[in-house]
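Protein chains: 2
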Amino acid sequence: MAQKPSIAKGTRDFSPIEVAKRSYIMNTIKEQFKLFGFHPIETPSFENSETLMGKYGEEGDRLIFKILNSGDYLNKVDDELYASKESTKITSKISEKALRYDLTVPFARYVVQHQNEINFPFKRYQIQPVWRADRPQKGRFREFYQCDADVVGSKSLWQEVDFVQLYDKVFSKLGLNGVAIKMNNRKILSGIAEVIGASNKLIDFTVALDKLDKIGEEGVKKEMLSKGIEQAAIDKVQPLFNFTGTTAEKLAKLRELLATSEIGLKGVDELEFIVNAIKEIPLETAKLDLDVTLARGLNYYTGAIFEVSAPEGVKMGSIGGGGRYDDLTGIFGLKDVSGVGISFGLDRIYLVIEELGLFPDTVAPGTKALFINFGTEEGLYSLKAVAQLRKEGIVTELYPDSAKMNKQMKYANKRDIQFVILAGASELENNNYTVKNMNTGTQETMNFEELKLLLR
Amino acid sequence: MAQKPSIAKGTRDFSPIEVAKRSYIMNTIKEQFKLFGFHPIETPSFENSETLMGKYGEEGDRLIFKILNSGDYLNKVDDELYASKESTKITSKISEKALRYDLTVPFARYVVQHQNEINFPFKRYQIQPVWRADRPQKGRFREFYQCDADVVGSKSLWQEVDFVQLYDKVFSKLGLNGVAIKMNNRKILSGIAEVIGASNKLIDFTVALDKLDKIGEEGVKKEMLSKGIEQAAIDKVQPLFNFTGTTAEKLAKLRELLATSEIGLKGVDELEFIVNAIKEIPLETAKLDLDVTLARGLNYYTGAIFEVSAPEGVKMGSIGGGGRYDDLTGIFGLKDVSGVGISFGLDRIYLVIEELGLFPDTVAPGTKALFINFGTEEGLYSLKAVAQLRKEGIVTELYPDSAKMNKQMKYANKRDIQFVILAGASELENNNYTVKNMNTGTQETMNFEELKLLLR
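Listed in order, the protein sequences are those of chains A and B. Just so we're aligned, residue 1 is where the first sequence starts under the numbering used here, counting upward by one. Just so we're aligned, residue 1 is where the second sequence starts under the numbering used here, counting upward by one.
Don't read these hints as lab results, they were simulated from the structure. Note that the structure is a prediction, hence the values are computed from the model and not measured. It is possible that part of the hints are untrue.
[As the list claims (entries may be wrong)] Derived lysine-lysine pairs resembling DSSO-like cross-links, with alpha carbons at most 27 angstroms apart: (1) B:Lys93 x A:Lys9; (2) B:Lys155 x A:Lys384; (3) B:Lys30 x A:Lys368; (4) A:Lys93 x B:Lys93; (5) A:Lys384 x B:Lys30; (6) B:Lys253 x B:Lys287; (7) A:Lys173 x B:Lys30.
So that you can see chain A by itself, here it is in the shape it has in the complex (with noise of 0.2 angstroms):
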């Protein structure tokens, strides 16, 4: 019996429509990539198991896929191990390599082992899929791409300027008009946490903070008081609760709020630079806001941090995001590497273009023509037609069989093709072609030149 195949859990095929949309989000990102001046590089699907794990958390080491040894696996497990039987034990006897989780960190990789080939600052893109063994749920796969620009080796504020410039130019090209890129800059953060004198509080902080358009500026502070945050430091931070104005109003407000910490008026240094930057060289249809309350992958960053947001009106998670890491390279012993690096949710930015209909109607062109079949001669007649016709970049195709016209005429009409071209006996000896388009229903005899001009 023939097996009914299935796919495996957390995964997806991708039609040709939807391969078409999803190139057409890629090809955009892309091409912005290359006008910025990064450049592609690519990295293998599974690494040495070495090479990953470790670098993700406790979390991270059990959501990554391991890859099982070939041969007699097992021979190499020595007998008392084996007889423990405990999975996590024995599972670095067995597997040796394991598919990348994310583009980080093989970056890292990449870099320290290619650093003598590198030209340092080195600006490198990387769109290839990546793997996780989460839970699969709605919008949660298994198996998801991800598309990282970095630039590592310089300390420079203008590449956060122009990692903004680049948001905004992508979303605009893709037609999410604006778009909100959030920033914020971890230093930012770590003035807080020594303002109000509790660096183990920040993350209770920073989520209670996040939720005061919600529930209201009591709301939030019962919250933080029910976290062990103290009344007194929380009235040191009372300007957040009212942080409003223009992005000048708000840096003089964490101006004057972080005035005692050396490191929050450095954040703010950063942010205002960045700002006055974008000022200059206004953004196309994206805004930009300072969020205090922005603080992703607390440990990772070290200076600005960003999320961009959909455009309102539309319910999605964050589109896009990054920031500033000091030491991306130090976990294989290459120190003092500076990065900073944004990425791109292409699962969600496709869902958001669907949604809002922005897809464009070229995304997929389909077969232009199609040549109805009426056998051998008329076939190579048809076909000698449909070659001159590529040439000219026309997409078009003869009917593989001499089936019934109407399965034909079918055919052509669920693939949604324009025009069906017949060169039947009388075709053939007049030498022209009638063509019959499917969206009028009108039908005309005309001869090769004639049809060009028409299909072109």
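Based on these hints, arrange chain B on the given structure of chain A.
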């Protein structure tokens, strides 16, 4: 101690220039696929093991990369089986997923699973990596791309004609003029087996015959006899030892030779149909050759067989191949779906193009102009110009740090950037730019419009 990073055995990093060259090949192929009416699909990197296992023979099963189950995977192995410590038997209990081994079986799974959404005949292309646990060696990798186009759901020989055209167009576009598209037909091989009365010796027969050029007629016959093929059988196919002349002459010889074999004559008819069509629609640069020793995938193909070899003078195995198979989807329960397809050997095509120096100079368009960074105010002035130039599609960058002039110039040099643009205090005052051509060493001051024209 930080670990020294290394890449997994048999895998490769691709640097920017390598990615650009590979993309050039893939895009050229894709463009023709689309012109010929093929549509892209993508399938997941891993499949449920039962989808892949048993489909590639015993060696294939061994070479499939298996993915370890998550969690306490050993818990699911019953104690008796566990005690055996037999890797081969335990594998299926601790691994339920496996990495794609080729694109054909996942495609068959796709067709069966999506049969109700597909309009047959279905013309799909697929360009994705596959993984094999082969022993790595020169030119053989554990991760490599396959690049396939197939039509399923039609037995028409027009497809074969179209595929010969497709090969010709792709290799012509790549500048690989003069590739040989070798063609045979499985039915001809069956016919030969019938005539020599030794179907089980067919492989020995073709392998020996293939050495005609190297070891001569006597050598080949000696090898055949040593493999147990009888003298009487060899005599019957004597014309194959003198298989020269025009294609028409070759076909006539085959027709005579296979006169007693119904299936053999069917094969001759099929070849003739393709040859006649190609005569009427001449190939651009490729040549179509009949090669009765061609016997790839003997157990798989049922009709036409193709193999492409590099232009004369280049030592390289086949750079493409394919053929007709009559039952792709039967393994998954969908009967009578005939298919025909070809594939392109991406890695080898890359090596051939490299060897012949045929990659266009424009394959990796780099940064056209680098603005020297003189500080904050000058940086801002430059970045405004950068933003305008990028809008015009000109790849340009501001050096991120206001480092020493020498360092910035060196960077431009190393990255082969043709123009370096200096905008210091004097340029800001006069609202212009000083442009240094790094190739000629000349230097000129101009306004923005002139700069735009120069860089365009």
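Please name the hints from earlier in the document that this structure breaks, with their numbers sorted from lowest to highest. none
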